[in-house]
Amino acid sequence: MAEFLQFLISGLTVGAVYALVALGFTLIYNASGVVNFAQGEFVMLGGMVTVFASALGVPLPLAALVAIVVAMVIGLLLHRLAIEPARGASAVTLIIITIGASILLRGLAAIVFDKQFHKLPAFTGDTPVDLLGAAIQPQSFWVLGGAAVVVLALYVFLEHTLLGKAVLATAANRLAARLVGINTTTIMALAFGGSAAIGAIAGILVTPITLTSYDVGTLLALKGFAAAMLGGMGNPVGAVVGGLLLGLLEAFGAGYLSSTYKDAFAFLVILIVLFAAPQGLFGRRVVERV
Amino acid sequence: MKTKATLKIALAAGAMSLGLAHGALAQNTVKIGSVLSVTGPSSFLGEPEDKTLRLYVDKINAAGGVAGKKIELVIYDDGGDANKARTFATRLIEDDKVIAMVGGTTTGTTMAMVPVFEDAKVPFISLAGAIEVIDPVRKFVFKTPHTDKMACEKIFEDLKRRNLTKIGMISGTDGFGASMRAQCLKVAPTYGMQIVSDETYGPRDSDMTAQLTKIKNTAGVQAVVNPGFGQGPAIVTRNYAQLGMNNIPFYQSHGVASKSFIELAGAAAEGVRLPAAALLVGDKLPESDPQKKVVTEYKQTYESATKQPVSTFGGHAYDGLFILVEAMKRANSTDSQKIRDEIEKTKGFVGTGGIVNMSATDHLGLDLSAFRMLEIKNGDWSLVASGS
Amino acid sequence: MRALMNQRFLTLAVLAVVIGILPFVFPSSYYFRVASLVWVSALAAIGLNILMGQAGQVSLGHAAFFGIGAYAVAIGPVHLGIPSWAALLLGAGLSALLAFLVGRPILRLKGHYLAIATLGLGVLVALVITTESRWTGGPDGMPVERLTLFGWRVSGSYTWYWVTGGLLLIGTWIALNLDDTPTGRAFRALHDSEVAAQVVGVDVARFKLQAFVIAAVYASLAGSALAFMNGFINPDQAGFLHSVELVTIVVLGGLGSVVGSIVGAAVLITLPQVLTVFHEYEHLLLGLIIIVSMIFMRSGIVPTLSSLFLRKARS
Numbered sequence: 087m088a089e090f091l092q093f094l095i096s097g098l099t100v101g102a103v104y105a106l107v108a109l110g111f112t113l114i115y116n117a118s119g120v121v122n123f124a125q126g127e128f129v130m131l132g133g134m135v136t137v138f139a140s141a142l143g144v145p146l147p148l149a150a151l152v153a154i155v156v157a158m159v160i161g162l163l164l165h166r167l168a169i170e171p172a173r174g175a176s177a178v179t180l181i182i183i184t185i186g187a188s189i190l191l192r193g194l195a196a197i198v199f200d201k202q203f204h205k206l207p208a209f210t211g212d213t214p215v216d217l218l219g220a221a222i223q224p225q226s227f228w229v230l231g232g233a234a235v236v237v238l239a240l241y242v243f244l245e246h247t248l249l250g251k252a253v254l255a256t257a258a259n260r261l262a263a264r265l266v267g268i269n270t271t272t273i274m275a276l277a278f279g280g281s282a283a284i285g286a287i288a289g290i291l292v293t294p295i296t297l298t299s300y301d302v303g304t305l306l307a308l309k310g311f312a313a314a315m316l317g318g319m320g321n322p323v324g325a326v327v328g329g330l331l332l333g334l335l336e337a338f339g340a341g342y343l344s345s346t347y348k349d350a351f352a353f354l355v356i357l358i359v360l361f362a363a364p365q366g367l368f369g370r371r372v373v374e375r376v
Numbered sequence: 069m070k071t072k073a074t075l076k077i078a079l080a081a082g083a084m085s086l087g088l089a090h091g092a093l094a095q096n097t098v099k100i101g102s103v104l105s106v107t108g109p110s111s112f113l114g115e116p117e118d119k120t121l122r123l124y125v126d127k128i129n130a131a132g133g134v135a136g137k138k139i140e141l142v143i144y145d146d147g148g149d150a151n152k153a154r155t156f157a158t159r160l161i162e163d164d165k166v167i168a169m170v171g172g173t174t175t176g177t178t179m180a181m182v183p184v185f186e187d188a189k190v191p192f193i194s195l196a197g198a199i200e201v202i203d204p205v206r207k208f209v210f211k212t213p214h215t216d217k218m219a220c221e222k223i224f225e226d227l228k229r230r231n232l233t234k235i236g237m238i239s240g241t242d243g244f245g246a247s248m249r250a251q252c253l254k255v256a257p258t259y260g261m262q263i264v265s266d267e268t269y270g271p272r273d274s275d276m277t278a279q280l281t282k283i284k285n286t287a288g289v290q291a292v293v294n295p296g297f298g299q300g301p302a303i304v305t306r307n308y309a310q311l312g313m314n315n316i317p318f319y320q321s322h323g324v325a326s327k328s329f330i331e332l333a334g335a336a337a338e339g340v341r342l343p344a345a346a347l348l349v350g351d352k353l354p355e356s357d358p359q360k361k362v363v364t365e366y367k368q369t370y371e372s373a374t375k376q377p378v379s380t381f382g383g384h385a386y387d388g389l390f391i392l393v394e395a396m397k398r399a400n401s402t403d404s405q406k407i408r409d410e411i412e413k414t415k416g417f418v419g420t421g422g423i424v425n426m427s428a429t430d431h432l433g434l435d436l437s438a439f440r441m442l443e444i445k446n447g448d449w450s451l452v453a454s455g456s
Numbered sequence: 185m186r187a188l189m190n191q192r193f194l195t196l197a198v199l200a201v202v203i204g205i206l207p208f209v210f211p212s213s214y215y216f217r218v219a220s221l222v223w224v225s226a227l228a229a230i231g232l233n234i235l236m237g238q239a240g241q242v243s244l245g246h247a248a249f250f251g252i253g254a255y256a257v258a259i260g261p262v263h264l265g266i267p268s269w270a271a272l273l274l275g276a277g278l279s280a281l282l283a284f285l286v287g288r289p290i291l292r293l294k295g296h297y298l299a300i301a302t303l304g305l306g307v308l309v310a311l312v313i314t315t316e317s318r319w320t321g322g323p324d325g326m327p328v329e330r331l332t333l334f335g336w337r338v339s340g341s342y343t344w345y346w347v348t349g350g351l352l353l354i355g356t357w358i359a360l361n362l363d364d365t366p367t368g369r370a371f372r373a374l375h376d377s378e379v380a381a382q383v384v385g386v387d388v389a390r391f392k393l394q395a396f397v398i399a400a401v402y403a404s405l406a407g408s409a410l411a412f413m414n415g416f417i418n419p420d421q422a423g424f425l426h427s428v429e430l431v432t433i434v435v436l437g438g439l440g441s442v443v444g445s446i447v448g449a450a451v452l453i454t455l456p457q458v459l460t461v462f463h464e465y466e467h468l469l470l471g472l473i474i475i476v477s478m479i480f481m482r483s484g485i486v487p488t489l490s491s492l493f494l495r496k497a498r499s
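Residue numbers (this note's numbering), protein chains in the order written: chain A, 87 to 376; chain B, 69 to 456; chain C, 185 to 499.
In isolation and in its complexed conformation, chain A is listed as follows (with noise of 0.2 Å):
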């Protein structure tokens, strides 16, 4: 029981960071149909700048908002830049574009910052508490807890704010948003803004368990991708879904199996689910028009 309920802890705890990730892909996909491989270079901006504004002397609250200012304004600039400009292109070429964004991105970080591991404190100390015999690290519940409210303040913004409500229009037909009136361009914007903030709050919130550097971004951004695949590309819930159902799989793949093939197990399972549902759990039919 406690081996199980330690193997539960660790799997959540990863899985949660994986969960605000794919939101974060989800969020950009949705309003603007780009699946953006830089969303992992959000979370290090989170990890990385609030490690250096804290080495500074800014008390870590404050770093904290710091970097999620700095990731938002990136999130923005990479918006106007290099997506705006490439409106109407395909979806691969645009897909290319925020490859590159993230080469450009990690080699940008690795100039500025360095290129060594970081650490930042525990929000609450390192004492383990004692679970019914497993032992879990207080910064495990920061984030699920962090990632809770995350997703609980996009729920109340998209489904009781008329901007949120603009957001969804937007996701559910692009043009038929911009007939009823909705800046489309903004929401995009807002999108990118809001996506690479919850990025740099999962990089924030799972620097003291995991460390940081500059090139910690791609895993994640692959990680996260097939989690929000796994759930239903678009679908929030299902983003939040698969998050938690990855990290869980690799932590019992791990405890139960092997843990050298608990990546390949995590991705057999994607297989066979997209097998037997090809739009993942909560994926919408989308029926092509001719």
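There may be inaccurate statements among the hints.
Claimed, not checked - Once the Cα atoms are required to be at most 30 Å apart in a straight line, the calculated DSS-like pairs of lysine-lysine come out as: (1) B:217 x A:201; (2) A:201 x B:445; (3) A:251 x C:496; (4) A:201 x B:413; (5) A:201 x B:119.
Unchecked claim - Rough simulated footprint, nothing fancy, chain C against chain B, three-plus residues with beta-carbon under 8 Å: (6) 206-217; (7) 340-351.
Calculated directly from the structure, the hints in this document are not laboratory data. For each residue, glycine too, the CB sits at the ideal point set by N, CA and C.
Put chains B and C on the given structure of chain A with help from the hints.
Only chains B and C this time, still in chain A's reference frame:
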């Protein structure tokens, strides 16, 4: 049509920028090449190597060079990609016409470059860890870091002294971790060690509690060994403390031999043991220690120039460069073949990694005494007195 | 029809001339090495372009087949005792078989779902190669025995320049011809609209599978060639980042353009060699160049430039 144009432009631009970067070739310079993983997953190894080489070549040149010739250093960054490393190796030989090479950050990139230097008959002093670099011996390939096999032996020696024989292993699946794991499994029976649990983690994994829980719940584990480098071992160490496994002796490898490991792992690193070069404990060595002077000087020079803590990785580059420079002096020639012969004759060279005595059958020249067993105490390295 | 024939012939002739002339301007054998790398990557990209550009199916795991080809010629002679040339064919056969077996279920998926499924396939293959070190040498890779054909030992960057150049010519010729066959037309119909293609009687599933198998064989042969050329192979060649690089070559050069894949490979392989003099700014510049070229040449370098050229010629 366009293919040709694009290619030509690209090649012309490449040639031009090269020309600009290196300037006119003077008669009294000699070129030494290096291919390092300054970026990519092994950048924490490649970066100190890069800085060390640049720093000391400048110093050597300021002091008048080697045998009246200035050294021109050509460094390329392979980003940890073996295929790219191979191309840069060809470039060093064919285009830059270097007389020797000190580089090859990882075993993967080194092994990809070995055939190029063997074919060209140019000496290649590798900075990679695995034993396969020099075993079997290749005529033109040398290396400076201790092998992973030696690390396993040093750890097992210490375990034997403590009467601990049942060990759990948790290894990274990167080149370093996988190679050392294989070596440890190989030499374990010689020391009477029994591997009762054998787990692995991916080089980018962020949580190893699942694997450690399995080891913890394996009956009879008396000690745990973690072959790995990069941030992985720091996370393993933190998870180790989180799971309250501190009562089981824990061994890291020489792959974490830099101060940043202690910083990253924090309080969890207390009591961890690892085999490492004397460089880390220079200030704690007795005055009589032959390495004392070299390691304290290197540490001071590196830290004051880069403002970063010294690591054994940069030390390997220091050793490689000076083994080469000494050989060049003895050969009093820029002929690659003669330099190779002199490198092989290196005897009693005092480096940061140990005292090097090479021979035709040993292109490393270090024995187990080059490794010190360290223990982390109060956030710093300390020497484990033999017998404790 | 004749115009098409001529254009195809012209493309091949120009490619042959370029391959033939470059050795005269190359100052050292390092350039032969870089050019050979371009030919090999171009070969893999041309195959992938048949899948992506013509049949409109994305693959984010294509390096898996590259890796299978590479490791087949590494493992075959050492562990199984089969001659190198047979190992090359075995690798191509294995890649085709794997593509055929997983192709049917995977290619039912659309768009990004197809991308993640192929990515998953790539991760699985790369993981097996990295882990089964008894056979593959693990993450540090393994040496490859030189290719011997009829007693002739193929080695040296000069020789490999011609071998890979020849392979590229054949690959280009086949890809160009495919364009004009019923299969090629079916591929293009798929690319435009699957539903429409189906309605006019194209067996969508079969043709997608065909494109996938062809692309896999191209990648596998390219992988074998690189392994022979390097005399050494490691799992990076089968990894996710290499898959991304192949896709980038295809899109940068131009989806659906055979010449585009060659140009794309030339740009993406030579760029790091040129940019390396900028040391720490290398990656920043590489990213910037990719972004800027995709913004201004959004359908790829070759299609954009040739339509620009045609427009100029008309006016």
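Here is how each hint holds up against the structure:
1. B:217 x A:201: holds (28 Å)
2. A:201 x B:445: holds (27 Å)
3. A:251 x C:496: Distance of about 47 Å is beyond 30 Å: violated.
4. A:201 x B:413: violated (37 Å)
5. A:201 x B:119: holds (13 Å)
6. 206-217: violated (count 0)
7. 340-351: violated (count 0)
In this structure, the earlier hints numbered 3, 4, 6, 7 are contradicted, and the remaining ones agree with it.
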